[in-house]
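J.: Here are the chains, one letter per residue:
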Amino acid sequence: MAAQPDEEVFVFRTGDMALGVLSARVREVTRMGPLTPLPRTPSFVLGVVGHRGEVLPLIDLLRFFGQGESRPTSRSRFFIGETGSFMAAFFADAVVGLRRILLSDKLPPPLGGGSQAEFLTGVVQSPEFGTLNLLDVAKVITHARAKAVIR
Amino acid sequence: MKGAALGATELVGIDLVLFEIAGSCYAADLTQVRRIDVDDPTESVGAPFGKPVVGRRALVFGGSGGLDLRLAVDKVMGVERVPFEALRRMPPAAQAPKATIGAWLRGDQTVLLIDLSTLNPFTTSSLEQA
Numbered sequence: 001m002a003a004q005p006d007e008e009v010f011v012f013r014t015g016d017m018a019l020g021v022l023s024a025r026v027r028e029v030t031r032m033g034p035l036t037p038l039p040r041t042p043s044f045v046l047g048v049v050g051h052r053g054e055v056l057p058l059i060d061l062l063r064f065f066g067q068g069e070s071r072p073t074s075r076s077r078f079f080i081g082e083t084g085s086f087m088a089a090f091f092a093d094a095v096v097g098l099r100r101i102l103l104s105d106k107l108p109p110p111l112g113g114g115s116q117a118e119f120l121t122g123v124v125q126s127p128e129f130g131t132l133n134l135l136d137v138a139k140v141i142t143h144a145r146a147k148a149v150i151r
Numbered sequence: 001m002k003g004a005a006l007g008a009t010e011l012v013g014i015d016l017v018l019f020e021i022a023g024s025c026y027a028a029d030l031t032q033v034r035r036i037d038v039d040d041p042t043e044s045v046g047a048p049f050g051k052p053v054v055g056r057r058a059l060v061f062g063g064s065g066g067l068d069l070r071l072a073v074d075k076v077m078g079v080e081r082v083p084f085e086a087l088r089r090m091p092p093a094a095q096a097p098k099a100t101i102g103a104w105l106r107g108d109q110t111v112l113l114i115d116l117s118t119l120n121p122f123t124t125s126s127l128e129q130a
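Line by line, the protein sequences give chains L and F.
As numbered in the working numbering, residues 1 to 151 make up the first sequence, in order.
As numbered in the working numbering, residues 1 to 130 make up the second sequence, in order.
If we strip away everything but chain F, and leave its shape as in the complex, we get (with noise of 0.2 angstroms):
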């Protein structure tokens, strides 16, 4: 009986990678990261939220075709569960680029919910020419 309260405790929350860039917080599903690698400038989606500025970091996670991708960040802050109640659909008058899916309510502070899966080199393209 135990086990099963806490089975149902799990699903009422999802784990985020907290990250920062160029001085802005965002955070990300962990299970779409599959590690933390150091920054290759070469290798990196670009920067659909600005440049970062002080860090060496990557999160790197699956593309389409299974290949590895990496957005480069300044740091990764670690992983919360996070309770879905806090999590927020973003406002349409907002027009944020598709790769922001929504927010969470940290607290006083909005993060940006950013879906790694939609930030393959087209979609990176797009975001910049907007």
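Next up, chain L with everything else stripped away, as it sits in the complex (with noise of 0.2 angstroms):
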């Protein structure tokens, strides 16, 4: 019988949401160092961090989706996603770790989900998340870079 095909997904949470990224696009999984504050920024940007030489922006996806507001502690995580040239660290309140999802599982974002349904590539329900939302981490990342371009 032949192997149903699958993709592995980067698992964390993030206030109430279970959120999935394809790992290929997660570069690493760190714990949180100081963050800077930038001023006058859109709130879901927390920030700036250094991270092994580079100046990464910080992302609150809470923010960026409008459900509310992470609060990043000395037990926090931030995982550095990619796309391209262009690298971003995004707050995680808890990392779940490595799953691997079976494609025929895969199901389109939600209509009349929101702003959120725009960024997700779609969701699965599974026995150990609920809904595990699956994250297009290019779109974000290329989404704040454009609104810093319009800026």
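Among the hints, a few may not be true.
Stated by the list, open to error - Label pairs and their calculated CB-CB ranges:
id : chain 1 : residue 1 : chain 2 : residue 2 : range
1  : F       : V12       : L       : R100      : 35 to 41 angstroms
2  : L       : E118      : F       : C25       : 34 to 40 angstroms
3  : F       : Q109      : L       : V29       : 18 to 24 angstroms
4  : L       : G130      : F       : T31       : 53 to 59 angstroms
As the list claims (entries may be wrong) - Residues of chain L clear of chain F, computed beta-carbon distances all greater than 12 angstroms:
id : residue
5  : A18
6  : G68
7  : S76
8  : A94
9  : E118
10 : Q125
Worth flagging that the hints you see were computed from the coordinates, not collected in a lab.
All C-beta atoms, glycine included, are put in the ideal place defined by N, C-alpha and C.
Mind assembling these two chains? They're in different frames, but the hints should get you there.
T.: The structure is reproduced here in structure tokens:
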């Protein structure tokens, strides 16, 4: 019996949401370092962090989706998502780890799911997470960059 | 020969004034700062980086037409010679204000670099609208 096509996702939680990102888009997961707030930026940009010689914007997906706001603590983590040569750090309340999902289990983002659905590649219903939202990291970074150009 | 070697060393760094506003640390090119003065609220370029909370100091720098402009700050921590390799551009997705031209990686701390010359009353207004 042939193996069913699947993909590997990095799963994390922020607020009440379980989110998954294609593991190929995740460069690294690390502890929160000192955060430098940036004045007069959109609320979803918590600031910048220095990491391995790079300065990265730290994005709060809860604020990005209008679902509340994250509260960074010393126990928080962030993961570094990348698209092409652009990178950004994303805040995570808790890191779950890597999981494999069957492509046949992947459903389209819910219609009427608000602005959130625009940045999802799909959702998966699972006993472990309930609804696992599959985040299109590249689209989030591109959106944030586009807003920066407009400014 | 020794003098020439010292000259080459001087080119690899920049003197930055380190200051604090509203709990955040910033730095600016020392050559842009004419003097450090007591804050005069009536002459400040405003509060593009938040309002100072405890200090009564101002960085005085040259605006267009050679006029003295003031940026109110909480405190001035001093001047540090910083190697160019410790400086970084701001990532585009950070959407930093125009005056924030980069960052200085100071150990594990990221210090925002401010171009004082962009802080005239006109650009300050546009920052505050952003």
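J.: Evaluate each hint against the coordinates.
T.: Now for the hints, and whether the structure bears them out:
About 49 angstroms separates the C-beta atoms of F/V12 and L/R100, a value inconsistent with the hinted range of 35 to 41 angstroms. For the hinted restraint 34 to 40 angstroms between L/E118 and F/C25, the CB-CB distance of approximately 36 angstroms keeps it satisfied. As the Cβ distance of F/Q109 to L/V29 is approximately 21 angstroms, the hint placing it in 18 to 24 angstroms holds. In this structure the hint that L/G130 and F/T31 lie 53 to 59 angstroms apart at CB holds, the actual value being about 58 angstroms.
For L/A18, the condition that its CB be more than 12 angstroms from all CB atoms of chain F holds, with the nearest at approximately 24 angstroms. Once the 12 angstroms rule is applied to beta carbons, L/G68 is consistent with being away from chain F; the minimum gap is 21 angstroms. At roughly 15 angstroms, the least C-beta separation between L/S76 and chain F is larger than 12 angstroms, which holds for a residue marked as non-interface. Against the 12 angstroms criterion, L/A94 stays outside the reach of chain F, whose nearest CB is about 23 angstroms from its own CB.
Non-interface status of L/E118 relative to chain F is upheld: no Cβ of that chain comes within 12 angstroms, the nearest being about 17 angstroms off. Every CB of chain F lies more than 12 angstroms from the CB of L/Q125, the least distance being 31 angstroms, so the non-interface label holds.
Figure legend: structure checked against the earlier numbered hints; the only hint not met is number 1.
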